[in-house]
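Participant: Put chain U on the given structure of chain G with help from the hints.
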Amino acid sequence: MSKLTMRFWGVLPAYTVMILLMIIPLGIIFYVSLMTSDPYGGYKPLFSLESYTQILYNYDWDNNLELNFQYLLIIGRTILLSLSTAILCLLIGFPVAYYISRQRKEVKPVLLYLVTLPFWVSMVVRVYAWVLILSNDGVLESGLRLFGFVDDIDSLLYNNGAMLTGMIYSYIPLMILPIYASIEKLDPRLLEAAGDLYSTRIQTLYRVIIPLCKAGIVSGFILVFVPCLGTVLEPILLGGGKTMMMGNLIQNQFGVSRNWSFGASLTILLLCIVLIFLFLQARRAAKLNQGAN
Amino acid sequence: MGRLLSFFINKNDVSRYPGFGIITLLFFLFLYLPIMVIIAFSFNENKIVSVWNGFSTKWYTSAINNQTLVDSLQVSLTVAFISTFIATVIAVSAALALTRGDDIKNKNFSIMVVNLPLMLPEIVFAVAILILFSLLGVQNGMLKLILAHTCFCIPFAFLPIRARLQGMNNNLEHASQDLYATPWVTFRRITLPLIMPGVFAGGMLSFVISMDDFITSNIVSGGGATTLPVYIFSLVKQGVSPELNAISTLIMVASLLIATPALYFATKK
Numbered sequence: 043m044s045k046l047t048m049r050f051w052g053v054l055p056a057y058t059v060m061i062l063l064m065i066i067p068l069g070i071i072f073y074v075s076l077m078t079s080d081p082y083g084g085y086k087p088l089f090s091l092e093s094y095t096q097i098l099y100n101y102d103w104d105n106n107l108e109l110n111f112q113y114l115l116i117i118g119r120t121i122l123l124s125l126s127t128a129i130l131c132l133l134i135g136f137p138v139a140y141y142i143s144r145q146r147k148e149v150k151p152v153l154l155y156l157v158t159l160p161f162w163v164s165m166v167v168r169v170y171a172w173v174l175i176l177s178n179d180g181v182l183e184s185g186l187r188l189f190g191f192v193d194d195i196d197s198l199l200y201n202n203g204a205m206l207t208g209m210i211y212s213y214i215p216l217m218i219l220p221i222y223a224s225i226e227k228l229d230p231r232l233l234e235a236a237g238d239l240y241s242t243r244i245q246t247l248y249r250v251i252i253p254l255c256k257a258g259i260v261s262g263f264i265l266v267f268v269p270c271l272g273t274v275l276e277p278i279l280l281g282g283g284k285t286m287m288m289g290n291l292i293q294n295q296f297g298v299s300r301n302w303s304f305g306a307s308l309t310i311l312l313l314c315i316v317l318i319f320l321f322l323q324a325r326r327a328a329k330l331n332q333g334a335n
Numbered sequence: 002m003g004r005l006l007s008f009f010i011n012k013n014d015v016s017r018y019p020g021f022g023i024i025t026l027l028f029f030l031f032l033y034l035p036i037m038v039i040i041a042f043s044f045n046e047n048k049i050v051s052v053w054n055g056f057s058t059k060w061y062t063s064a065i066n067n068q069t070l071v072d073s074l075q076v077s078l079t080v081a082f083i084s085t086f087i088a089t090v091i092a093v094s095a096a097l098a099l100t101r102g103d104d105i106k107n108k109n110f111s112i113m114v115v116n117l118p119l120m121l122p123e124i125v126f127a128v129a130i131l132i133l134f135s136l137l138g139v140q141n142g143m144l145k146l147i148l149a150h151t152c153f154c155i156p157f158a159f160l161p162i163r164a165r166l167q168g169m170n171n172n173l174e175h176a177s178q179d180l181y182a183t184p185w186v187t188f189r190r191i192t193l194p195l196i197m198p199g200v201f202a203g204g205m206l207s208f209v210i211s212m213d214d215f216i217t218s219n220i221v222s223g224g225g226a227t228t229l230p231v232y233i234f235s236l237v238k239q240g241v242s243p244e245l246n247a248i249s250t251l252i253m254v255a256s257l258l259i260a261t262p263a264l265y266f267a268t269k270k
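If you read the sequences in order, they're chains G and U. Its first residue numbered 43, the first sequence is counted upward by one per residue in the working numbering. Its first residue numbered 2, the second sequence is counted upward by one per residue in the working numbering.
Chain U with its partners taken away, still in its complex shape:
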């Protein structure tokens, strides 16, 4: 009865759009069906991917025993750890400098500079840095990857840290300074613990970005360092295979395990 009444009263509720719910449902199907398909077919026993033959985990065994895959994973992890660490340190320092103080014009310019990698298509950055390395004669594949990844990870680490700093008032920092703490002690004991969720989120996000990067790594790699996405790309070019489905599933699970806490901390107030 109440619903019926409200139907008549609200018949001019123009904020409701009946078709939007269905579009949203279809959108989520579109978003998740491809992922489900990969996961489902990774358990297919048949070597012909799209013909279901029975449940099996043998493709996971063969993926784990694939030495090239393990090597490329090792390269990816090393690059991601080192570049995330450097990028996060640089981002914390930049975020601290750019959140305190008030001359807006210079600040906005500096924020633009820090976010530069987000504004250009990645291929432009990849090609530019490739030419730089070849002019300087940098041969070491690992070093090239780490330098390039550090650069484009900085904005991803910077944004959550800055968001955290903006939402925080600096009374505690002032109190600490009033009590004769040195700037370093204030930073170590007051500021850093307060912005830790932002630092954590920024670090995690840049880790995932580094692990997933394809365009730059594909152009820069060589010199004995192939990252995981570049190796997977070479497999995809050879065609669909059940082992590739298993590898993809493992990667998806790993990405979600890293991204979920990062997103949680990034949105936590």
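Chain G on its own, in the form it takes in the complex:
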């Protein structure tokens, strides 16, 4: 068997699964998003862009199109919360990754193990932990009351802050690991050189360490940002189902609302946001590479 036929047969099963269970379904989603929704569930095979206009417009009682900010608000919140999560994960994760990489050889794998460990605990359980902590008469409130800090707090749960906390908690290991990997590759002699040339710590950080760790920072950012865009659990359990994000809005269209076409068009929109973000990132990376050569 030649090398090429061996490769063909080797990847054939993986390709088959991915084409049948990912690529074709994505095509079907696109098709459904262009169809008319059926009020009894599913869709009618009639072409219409209604499900896309529905994202922006609403029919008022005279059957005129009317701008509707309800969904734009959810889309905006999704992007903003995901960006905030990624930025906060970076601000916390970078010092942690750097600190771990400066430890002794025997300590490093232990600390890395501790970073990854919670990631293998069920997502539902991890989000539940924050419900337990933040709920009314929950652990945090009781604790604060015990020490006399507060008499009465409005609910700590069911707001953007609770969702943000839950999302950071869920995804931060994905930020730390790639940054750690890129810091490990950093040549320590460069830092010595910076010191010898009277660079301050801040200058070294901004002009030597961060530029050289850019690849790790960027991939950490993507690894956190992309799953955040589709997050479902945090909005339901920590946001209380009222402060929605795109993930649970989509899920609702296939559950209680039974509006498949609208759900499909929202899914396509989410996919487009992810692809645009990845495309911009890839173009930036290509430009950086060109600059380096």
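Bear in mind the hints are in silico, worked out from the structure with no lab data behind them. Please read all numbers here as calculations on a predicted model, not as lab measurements. Note that beta-carbon positions come from the ideal geometry of N, C-alpha and C, so glycine has one too. Warning: the hint list may mix true and false statements.
To spell it out: a stretch of chain G is covered by chain U in this simulated footprint if at least three of its residues, at any positions, have a beta carbon under 8 Å from a beta carbon of chain U; those stretches are [claimed, not checked]: (1) 60-71; (2) 89-100; (3) 119-132; (4) 153-164; (5) 234-241; (6) 289-295.
Facilitator: Chain U alone, transformed into the frame defined by chain G:
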């Protein structure tokens, strides 16, 4: 004295950032306090979760006697075993094909295809596969879960196996071929034993991923198959309860018991 001296010599050691240690400490507290809280309160005798009343293991007894919980655990285990097995076999075959040989461009494209589930938000995949199943009229909940889980487990099995293959030189394989072993014998006797730690790590990781999955299982399930995370989610929606703390603790212990050897084998040289 030596320390003092080094302080003066290294006063321009710009690779040290004094605040980073404290941030790291706070980070680990942030990471582990919620877990500790669940474990601690699972032993609380009081039905009101946040008021400590005394030590008790009664919530564990009631968790183990919860028939719905045991049923959903059974569904999760079955799905995880079958989809992990299929995903690992597919991943081994793909990893072998994509590590040997050298036309980089096609290879990178194929690696991207295998890793496709990692690149999209999971909800997109979940919704897409839901529509596929309903168009094909697939009713069996178990079958739906197994197909969906197999698909998103493939990259998790693939990555450690590929990493293992990359770190290995193929002298032994060449030697075996020179000694007239058939490709199958070479694979069985030489390649497979050498990549076994990677296969083991990949299998374990996809097992944990399958056991923990919520988003896809929640959308796809129905038809008489509820997985453990979907059942727990329904409990969490009803509110905080000490039995839920006990269940969560049991799940955490189980995940750690599976993930620890997997991580060990994944990083072992």
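Participant: In terms of beta carbon proximity below 8 Å, does the region 153-164 of chain G have 3 or more residues touching chain U?
Facilitator: holds (count 9)
Participant: Confirm or reject the coverage of the region 289-295 of chain G by chain U under the rule of 3 or more residues with a beta carbon closer than 8 Å to the chain's beta carbons.
Facilitator: With 3 residues closer than 8 Å to chain U, the region 289-295 of chain G meets the three-residue bar; holds.
Participant: Can the region 60-71 of chain G be counted as covered by chain U under the rule of three residues or more with Cβ-Cβ separation shorter than 8 Å?
Facilitator: Check passed, 9 qualifying residues.
Participant: Examine the region 119-132 of chain G: at least three residues should have C-beta closer than 8 Å to a C-beta of chain U.
Facilitator: That given contact is violated, which follows from only 0 residues of the region 119-132 of chain G lying within Cβ reach (below 8 Å) of chain U.
Participant: Taking a Cβ-Cβ distance under 8 Å as contact, does the region 89-100 of chain G have three or more residues in contact with chain U?
Facilitator: violated (count 0)
Participant: Under a C-beta cut-off of less than 8 Å, do 3 or more residues of the region 234-241 of chain G approach chain U closely enough to confirm the stated coverage?
Facilitator: With 6 residues close enough to chain U, the hint holds.
Going down the numbered hints, you'll see the structure goes against 2, 3, while the others check out.
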